[in-house]
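Asker: What follows is the residue order along each chain.
There are 2 protein chains.
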Amino acid sequence: MKYAVGIDVGGTSVKLGLVNTGGQIMEAWEIPTRTEDGGKNILPDIADSVRNKIEETNLADDIVGAGIGLPGPVDDEGVIRKAVNLHWERTFNVEEELSGLLGGMRVKAGNDANVAALGEYWQGAGKDYGDMVMVTLGTGIGGGIIHHGRIYAGTTGAGGEIGHICLNPDEKIRCNCGNAGCFEQYASATGIVRLTREELEASSEGSELRNTEVTAKALWDAVRNGDKLAIRVAERFGYYLGWGLSIIAGVVNPEVFVLGGGVSKAGGIILPYIRKNFDAHTFHACRDAQIVIATLGNSAGTLGAAKMVID
Amino acid sequence: MKYAVGIDVGGTSVKLGLVNTGGQIMEAWEIPTRTEDGGKNILPDIADSVRNKIEETNLADDIVGAGIGLPGPVDDEGVIRKAVNLHWERTFNVEEELSGLLGGMRVKAGNDANVAALGEYWQGAGKDYGDMVMVTLGTGIGGGIIHHGRIYAGTTGAGGEIGHICLNPDEKIRCNCGNAGCFEQYASATGIVRLTREELEASSEGSELRNTEVTAKALWDAVRNGDKLAIRVAERFGYYLGWGLSIIAGVVNPEVFVLGGGVSKAGGIILPYIRKNFDAHTFHACRDAQIVIATLGNSAGTLGAAKMVID
Numbered sequence: 000m001k002y003a004v005g006i007d008v009g010g011t012s013v014k015l016g017l018v019n020t021g022g023q024i025m026e027a028w029e030i031p032t033r034t035e036d037g038g039k040n041i042l043p044d045i046a047d048s049v050r051n052k053i054e055e056t057n058l059a060d061d062i063v064g065a066g067i068g069l070p071g072p073v074d075d076e077g078v079i080r081k082a083v084n085l086h087w088e089r090t091f092n093v094e095e096e097l098s099g100l101l102g103g104m105r106v107k108a109g110n111d112a113n114v115a116a117l118g119e120y121w122q123g124a125g126k127d128y129g130d131m132v133m134v135t136l137g138t139g140i141g142g143g144i145i146h147h148g149r150i151y152a153g154t155t156g157a158g159g160e161i162g163h164i165c166l167n168p169d170e171k172i173r174c175n176c177g178n179a180g181c182f183e184q185y186a187s188a189t190g191i192v193r194l195t196r197e198e199l200e201a202s203s204e205g206s207e208l209r210n211t212e213v214t215a216k217a218l219w220d221a222v223r224n225g226d227k228l229a230i231r232v233a234e235r236f237g238y239y240l241g242w243g244l245s246i247i248a249g250v251v252n253p254e255v256f257v258l259g260g261g262v263s264k265a266g267g268i269i270l271p272y273i274r275k276n277f278d279a280h281t282f283h284a285c286r287d288a289q290i291v292i293a294t295l296g297n298s299a300g301t302l303g304a305a306k307m308v309i310d
Numbered sequence: 000m001k002y003a004v005g006i007d008v009g010g011t012s013v014k015l016g017l018v019n020t021g022g023q024i025m026e027a028w029e030i031p032t033r034t035e036d037g038g039k040n041i042l043p044d045i046a047d048s049v050r051n052k053i054e055e056t057n058l059a060d061d062i063v064g065a066g067i068g069l070p071g072p073v074d075d076e077g078v079i080r081k082a083v084n085l086h087w088e089r090t091f092n093v094e095e096e097l098s099g100l101l102g103g104m105r106v107k108a109g110n111d112a113n114v115a116a117l118g119e120y121w122q123g124a125g126k127d128y129g130d131m132v133m134v135t136l137g138t139g140i141g142g143g144i145i146h147h148g149r150i151y152a153g154t155t156g157a158g159g160e161i162g163h164i165c166l167n168p169d170e171k172i173r174c175n176c177g178n179a180g181c182f183e184q185y186a187s188a189t190g191i192v193r194l195t196r197e198e199l200e201a202s203s204e205g206s207e208l209r210n211t212e213v214t215a216k217a218l219w220d221a222v223r224n225g226d227k228l229a230i231r232v233a234e235r236f237g238y239y240l241g242w243g244l245s246i247i248a249g250v251v252n253p254e255v256f257v258l259g260g261g262v263s264k265a266g267g268i269i270l271p272y273i274r275k276n277f278d279a280h281t282f283h284a285c286r287d288a289q290i291v292i293a294t295l296g297n298s299a300g301t302l303g304a305a306k307m308v309i310d
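Protein chains in written order, with numbering that gives the first Met the number 0: chain A, 0 to 310; chain B, 0 to 310.
Think of the hints as simulated: they come from the structure by calculation, not from any bench. Take the hints with a grain of salt, since some may be wrong.
Same chains, same names: a pair is fine if it fits in one copy or spans any two.
Said to hold, decoys possible - Once the Cα atoms are required to be at most 30 Å apart in a straight line, the calculated DSS-like pairs of lysine-lysine come out as:
#1 LYS14 x LYS171
#2 LYS171 x LYS275
#3 LYS81 x LYS275
#4 LYS227 x LYS171
Since we're looking at a predicted model, the values are computed, not measured.
Full structure from sequences and hints, please.
Answerer: In structure tokens:
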């Protein structure tokens, strides 16, 4: 059996895994992400940790390479332009740099959302499908397109960065990206909180959401309890998410959408609200796309990273 | 020198070409599209014509294959699901059927808009770029995505069928596709006529468009003459087209958009109206995409079809 190293770099910790070519994580561990000094220690720390693990496990001859997912746009050549969360300001080739630190090991780099998409495609909810779009519903909306089994990185590594497609050019409130009317202003966890607050302020109708901190989780719990105001928020969320997915379907015509991230933890209860609006707005030739919930959680990143060097 | 046959099938005629591997059309000819009897003669007519031309030119040993563009969704395997304009109602593998009629010749089939995109990528306005999206602004809006030099067909052959992405879920007027609020309801030649009529009806302001048949051409002629009402229509057209392209950029992050079809014949005058809105709504990482006018006209289809069998 051969093995690949999967590396998933976040702003506070780096998740690492030794993954066999059959898709099992044989060992998983974490190291802190040292973002001080412009993040200059991050890649050397990772290389040290990988070398130690390989020595410890005596697997040097069986390692096919290392894949690394990073919080920033990474193009097909392995060039990252900027990674704010890592305090990286320069544009450089991550693959070459990490490979150098690992004695010439084969290294592939990708954007973290794209890499997680590849993980779900390989071993998770996308396993039984062809072309796939992963949509990560967290604080914002991330995404990744898998086409013919590979990450669709796009020209500047921003392929599948669907959180900032504009659904409403006339929106007055700005998105963090500087534009206004972005998809993630409506259909992310943050969007759910905003839509909930709007509904709460629009009436004095009773709702269990009045006595609790407004979060995406609280909203879906209330929907599950039949709370009418919560259901109205769910309808509005479904309107935006279903519409947004319908647009993506019209561009890349996937076989499946896999929904991940915090909002997806509510489970299947979110799907009918999305599906109804998706069906209403999607071009008939693209309408058969399935919409399912991600299954891998945090390990999607490690698995997808490893998969990049497993052919 | 080797040659490929490029075949571009339309509802009234089939354009054929002998194309060398350097991208030159050595011979071009046409035959009628016989749509009677469920279009059963179309492929046999094409095969007869191709065989005759190969015999006549004595090139049998130098032909690498034939590519065919068709007005309907064609998937990566060469399966077409339906082609209303050809009166084809069945789902079948065009590549296998035409190859059989051509004595086992290598055949690749694609959707006509995707094939034209490949032609522009190979020999036209997309020549100097990487990933490309072609947008055909005619009666409707067609499109094609070129990724890593190949057609992105999508799961059911509807990849890049961007004319039916929904820009306005609340639109009351139906699109031909059965949905409402489709991109092509606003930013096609038909959309321009509609926006112009709306402006003409909204006031009694003088305009040269009052004394003429309202067409996309008349609109851009009037814009060129400084007609104020026409310029307002151009602004609205640019709003929708720029917004629509910004969404597509956010999904597939191309290096260039190539605009073809009847509306593009007005030339560079249309670009500033589009660019301004594109820049306002596109995520910063995707904003560097170029927007240019197609250069090949009708030969894009023949060239792109041939390119499918030239590696």
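Asker: All hints, please: hold or fail.
Answerer: Results for each hint:
When the C-alpha separation of LYS14 and LYS171 is checked against a cutoff of 30 Å, the pair qualifies neither within a copy, at 39 Å, nor between copies, at 50 Å. When the C-alpha separation of LYS171 and LYS275 is checked against a cutoff of 30 Å, the pair qualifies both within a copy, at 27 Å, and between copies, at 18 Å. With identical chains, the CA atoms of LYS81 and LYS275 are at most 30 Å apart between copies only, with a shortest distance of 26 Å across copies and 38 Å within one. In this homomeric assembly, LYS227 and LYS171 come within 30 Å of each other (Cα to Cα) both inside a single copy, at 28 Å, and across copies, at 28 Å.
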